[in-house]
Every structure is written in structure tokens, then in C-alpha cells.
Amino acid sequence: MIDIQQVTKIYTLHRTKVVGVDHVSLQIESGEIFGIIGHSGAGKSTLLRCINLLERPTSGRIIVEGTDITSLSGEALREARLKIGMIFQQFCLIRSKTVFENIAFALKAAGKTRAEIEARVHELLELVGLSDKRDAYPSQLSGGQKQRVGIARALANNPSVLLCDEATSALDPATTSSILQLLKQINRELGITVVVITHEMEVIKEICDRVAVMQNGQIVEIGRVYDLFTQPQHPLTRSFVEHILRLDVPERLWQARSGTLVRVLFQGPAAEQAILSDTLQTFRVRANILHGKIEYINDTPLGVLLLELNGEKEEVERAIHYVAERTKGVEVIDRAA
Amino acid sequence: MPLDTLIPELIKAFWDTLYMVGIALLAAIIAGLPLGVLLFVTDRGLFWENKPLQTVLGFLVNMVRSIPFIILLVALLPLTKLLVGTTIGPTAAAVSLSVAATPFFARIVETSLREVDKGVIEAATAVGATPWMIIKDVLLSDALPGIIHGLTITAISLISYSAMAGIVGGGGVGDLAIRFGYYRYDNTVMITTIIVLLCLVQIVQLAGDSVARWMDKR
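Heads up: the sequence lines are chains A and B, in that order. Residue 264 in this note's numbering is what sits at position 264 of the first sequence, and the numbering runs on without skipping anything. Residue 1042 in this note's numbering is what sits at position 42 of the second sequence, and the numbering runs on without skipping anything.
Be aware that a few hints might be false.
Claimed, not checked - Restricting the straight-line Cα-Cα distance to at most 25 Å, the calculated cross-link-like pairs of lysine-lysine (DSS-like) are:
(1) A:K83 <-> A:K108
(2) B:K1136 <-> A:K97
(3) A:K108 <-> A:K97
(4) B:K1118 <-> A:K108
(5) A:K112 <-> B:K1136
No wet-lab data here; the hints were simulated from the structure.
Go ahead and model the full structure; you've got the sequences and the hints to work with.
Structure (C-alpha cells):
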């Protein structure tokens, strides 16, 4: 477990004090994938860098797997860092060294012998799928491959925690997805606690179990990812969620419509039932689907439909009531005149 | 000067120049390289951050570098006498050249190290690397092409400085040019020495560039 207790980080930038992280307390459970989302400057990266003391908190304590990391320095800190892996947005590989040498570097830090290094690098390259790039230099690799080397280096000494600082922000969508799948696989197979910093809700949606939303150095909302998607409380969380669940309808359709416009959110089991067809068979209304999508958040479906309902006024109201009872997520956007 | 006297004189002078510059380059590598590394790693935000030490080292480096070489050469004569027992000849000149080369190269090393991506240093720190590992496998490794370029620049400056050693009878190609070309108005010697120096500088530059290119994995 990573126990962050009342952590504050104050910088001095151009002679003015800037509060990067403001009294943040947070518990990250062992074996989970925990996300921290926020816009740039929210302090999420600073908070992450406090976990391995790349930044020393101004006040507060951080306990990683029972060790108070904030009390360490020098050699003890160096040894503690062997057990906390980290990957970076810009990959940060030594460019004058080959893939093998970059990964071996981490093992050398742990004082491993030549034979141990040889065997372990082989294993790690297999894990990240880069066995054929052993002797390539970073400049000969694509972004995704560089990040895989970064991951192999971070995992070299069997850490209990993997910190990911915007690890996919410099990658294209397809590569992002493959790196995220790799992180998920590492989390499942090796049981490593993964902490992910991102400004993209897609990343949170795809791999995280729980998420904290950060703004101005503080955590404004925290919870299970699915709950945050279905019941966002803070305006910032809502804006992040809406970015994913937004349904854009062409102007032409808005003007041409005549019925009542409703937005239905199907969550959990409701998303897997035939609620819509039941409604249409029970009430004398016609439904026109203007837009819709189903997102899978950690394999649990979350559906959004934009419907135009036509029919007798009372029938439409009853149909809306019927759907509302079964989904608990109906929003009437505009009633028919 | 007749050609049959000039040629042996020139060959001896050429080797003297190489000898002086070689010793000074060696001094630059042995003393200047660690000094440059120290100037860099004691800077703010780095693992051996030490403002007082950095200020003192920076001041010493600037002090030596602010003295024109010709004055340094004369000012160091007592030290030279103490170290090598004489103030004339290439060995004596090598002392002053070494003193000039060390802070010059140290600054170049420091500048090359600044080019190394801060993120990579951070990643190495995060992985639990020792300071020595970071210096050797990250800083010096990634900055090596720049350092080689810097060594080329240092060598060329030293060839130029070594000519001034002629003033105090230091020997070398420059000494030859001053003694015959300047004091005795011998244009043949003057032009020959210019050609020799020109070729030497070109060769050093070419060699430095190709070594740096060979090492560059960018």
C-alpha cells in the first residue's frame, strides 16, 4: 500500500512561492491500478514524483509498503528506489546505450552480476516483446518501443510499485492502447501496484480501478472509475466524463426534430437488457435514435442514447417514467412543443 | 635559411609542438574533465548540489581563463622552474599550457554535460543508480560526442597558444617562426611554419570530427 499523508509541496519559482501539492492524503491499495487525472499544472505529476522522492515534499509523509520513504536519504533512499519503478512521457533512455545496456543499467544499480543481468534482461525483453531489438540504440526505435524499454528498465528489479508519469501522452492512439494493455498485463500477472498520471480520461477508462481527480494541488474527487463515470460529483470530473460520453448531433437534426428529446444513461446490468424495446412495446410511442454509444469501463458497459420520442403527450411522459425507473439515468433535454 | 638546415629544424620543432600540446591535452583530460564534471554536478537540482563549492571552483576557472596566455606564461615561470627545473624548452612550456588548458576544457565539459537530457538523469536517479553510475553511464556516455568536439577545440587552441611559448624560448613550430621568420625576416621559414600549422590544425579538426561522429548514437 502507498499511504500518502498530508503531503504538501511548495516551490519557489522566480522568487514567488507556488503550492504544487496542497495537503493531499490518499491511500493506494496494493495490486490496484490507480489513476490521477487533472489538467496540466494541477500538481498530479509533482505528487507522483513525491512517491519516489524525485521531489521531496515540503511537509507530510509517504509510506510505501510499510517504509516511510520521506524519512530516507542517501544510500537507504537509493535502495528503496530499486523497488519503485518509474516510466516517463519522454521515455528518458540513455541514447548512447543499446536496449540491453539501458535495461542492464537498472540491474547494475542493484549490484547484480553479469550472468544475472544477462538472464534478467532476456526475460524482461521477452515480457515487453522486444527480444529482437536487444542491440538497437534508442534512436532506432519507435515511440512505443522506447516506452517498452522504459517499462523493462522500470521492472528490472522486481519493484512492488510502478509509477507512470504521462506514459502514453507522447504516443499515437494505437500505440497508447498497446502500452496500456501491457501495463494491465503487468499489473495482473506480476501483482505490481500501478499509479498512472494522465490528463486523458481514455487512459483512466481503459485500465484504472480507482481514480483521483486533482485541481490546484488538491484532490477534488476520488472513487471507483465506474462510479465516477456514472455519478460524477465535482464539475471538473463531470467535464472529464462528458468528454468521453459526449454525443454531438448535427445542427440540421436539432432543427428538424418534433418530439421530446431525452438522453438515457444505461449502467451496469441495465446496459445489457432490452429496456428500450420493452418501452416501445408497452407504450404507444415511437423512438428515433439520434445518437448513442456504449463504453466499456473495466469490462462493465456504460451506454448513452440520445432519443427523440414522438406520440401522445401522456404516453411520452409515461414512457420516460418507465425508462427512468429501470435505468435511473434519464435526462429530458427538450420537451415537444 | 637554406632548405637542408630548415627541414631538420622544422621536424624537431614539429615534434616539440606535438609534445607540448600532447602533455597539455593529457592534463586537460586528467584534471579538466573531473573539474568540468564537478562544476556540473554541484549545480542546483543535481545530486551533489553544493553552491559554495561550485562558486569557488567557478571563480578559480574564470580567474585562470581571464588571464591572457602570454601573461600567464610569464607569470607561471617561477612555478615552472619549481616543477621542471628550467624555464625554457618544450617541457617548461607544457606547464603553462597545461594550466591554461585545464579550466578551458573544464568549461567545455560542463557545457557538454548541460546538453544531456535532464529527464535521463532523473530516470537514472529513479532507478536507484549511484552518483558514480550516473556520471559514468549517463553523463559522460551521452555527452561523449560533445566532449570529443570540445577536446578538438582545446587541442587547436593549444596549438595556437604553443606558438606564444616561442616568446620565452619554449621551442616548437611557433618558436621557429618567431626566431627566424620574425627576428631575422626569413619569409621562407615564416610561410613554411604557417603551412605546417595550418595542416596540423586541419588534421586535428578532421580527426576530432570523425571520432565524434563515430561515437554519436543520436
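Okay, the hints, checked on the actual structure:
no.	hint	verdict
1	A:K83 <-> A:K108	holds, 14 Å
2	B:K1136 <-> A:K97	holds, 12 Å
3	A:K108 <-> A:K97	holds, 14 Å
4	B:K1118 <-> A:K108	holds, 21 Å
5	A:K112 <-> B:K1136	holds, 17 Å
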